[in-house]
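Can you build the whole structure from these sequences, using the hints too?
Protein chains: 2
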Amino acid sequence: MQFSSSLLEKAVSEFAKLPGIGKKTALRLVLHLLKQNTGDVSNFSEVIARMRNEIKFCQRCFNVADADICSICANSMRKQEIMCVVETIRDVIAIESTQQYNGIYHVLGGVISPLDGVGPDQLNIESLISRVQKETTTELIFALNPTIQGDTTIYYIQKKLSPASIGHPLNLRVTTIARGISFGGELEYADEMTLARSLQNRLPVESYVANR
Amino acid sequence: MQFSSSLLEKAVSEFAKLPGIGKKTALRLVLHLLKQNTGDVSNFSEVIARMRNEIKFCQRCFNVADADICSICANSMRKQEIMCVVETIRDVIAIESTQQYNGIYHVLGGVISPLDGVGPDQLNIESLISRVQKETTTELIFALNPTIQGDTTIYYIQKKLSPASIGHPLNLRVTTIARGISFGGELEYADEMTLARSLQNRLPVESYVANR
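So the sequences go chain by chain: A and B. Throughout, this note's numbering is defined as the position within the first sequence, counted from one, plus 776. Throughout, this note's numbering is defined as the position within the second sequence, counted from one, plus 776.
One or more hints might be untrue.
Since the list gives no way to pick out one identical chain from another, each pair is judged satisfied if it fits inside one copy or across any two copies.
[As the list claims (entries may be wrong)] Restricting the straight-line Cα-Cα distance to at most 30 Å, the calculated cross-link-like pairs of lysine-lysine (BS3-like) are:
no. : residue 1 : residue 2
1   : LYS832    : LYS800
2   : LYS811    : LYS832
3   : LYS800    : LYS855
4   : LYS936    : LYS811
5   : LYS786    : LYS799
No lab work stands behind these hints: they were computed from the structure.
The structure is reproduced here in structure tokens:
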């Protein structure tokens, strides 16, 4: 692409660095901003810079936060003894959007994946183990993506929490979110693994109807 | 969507204001920026703000420019007597990218469209008329989109350039870019209008082969 302004060119190439945004889309976005008020564009640019500079990560659960402790951890209305283990901040947002969960979180920052060079030390696993021991946690819910890496991570953490590893048994229920056929999904197109697991973990109809 | 950080929420809603970017894409972009260096993100935000604040519009052709006159107008290697009339800056970029055009431009800023409240006074038409009279223009090429509004605009400008309107005849060739079947297009799927026009304006095979 040929630009007659280097300011325009630089702005387009900055936008084009974002994931999923090519040169043409970047140009469309920049020309849109060019049509907006100077004030609106300054605000846009300021909000982005402030977000990156001022955002903090919760010292307890590693979720994004405006202070040292995130608003979920700081909320005394939430059940502090139920902890949901997720991969990323995005998963926290997804679960929060269901408005069905009233416990707290622990963000691992990913899953164990030796092929990508991610070992347990790169993740917030050590802090999870110590939180579970220090806090009054009674249930640990794993809400990881259903991948081999996710399952490996669950297995690793469970081993780390075993009496053999800690030295004494913990009074802790460890669960994982249900795998099964999605709402609106069709049996015929489900993969065998999902279908087999959802048969294995079948539910009594009463509880299913009650939950609807 | 539920956010545990207002900084994150604001950044997402700013991105979601951009055209074609919804809440989920905005979140993906913001989380991507959150993973980058502080310096890179400051640079991103600075480049955007600078672009909006410092960019100028060429006083001659209304293209984007870093100075009072754009680099195309200021380029003495380009044929100053051939002027291409386009709707937007984007069209300038598209034509420049072909690397086949060596004249200068005039950006109208849109086309006449009474339904959208755009009349000739909102466009850079007056300045086009005076440029053509003052400068040594010998050919005016209309490269407007093939819409009724585009055709109306061409008709309007041509009337404004007629001897009846100016008071004396101009030594000016007025052309428009060819309409026809696109390369890779199929006759069978072309609309009647395009096919009819491309039959009407058929070319001698020699010139077609020479241009390939």
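Comparing the hints with the structure gives:
no. : hint             : result
1   : LYS832 to LYS800 : between (34 Å within a copy, 21 Å between copies)
2   : LYS811 to LYS832 : between (33 Å within a copy, 12 Å between copies)
3   : LYS800 to LYS855 : between (48 Å within a copy, 28 Å between copies)
4   : LYS936 to LYS811 : between (56 Å within a copy, 29 Å between copies)
5   : LYS786 to LYS799 : both (11 Å within a copy, 25 Å between copies)
Of the numbered hints given earlier, the model fails none.
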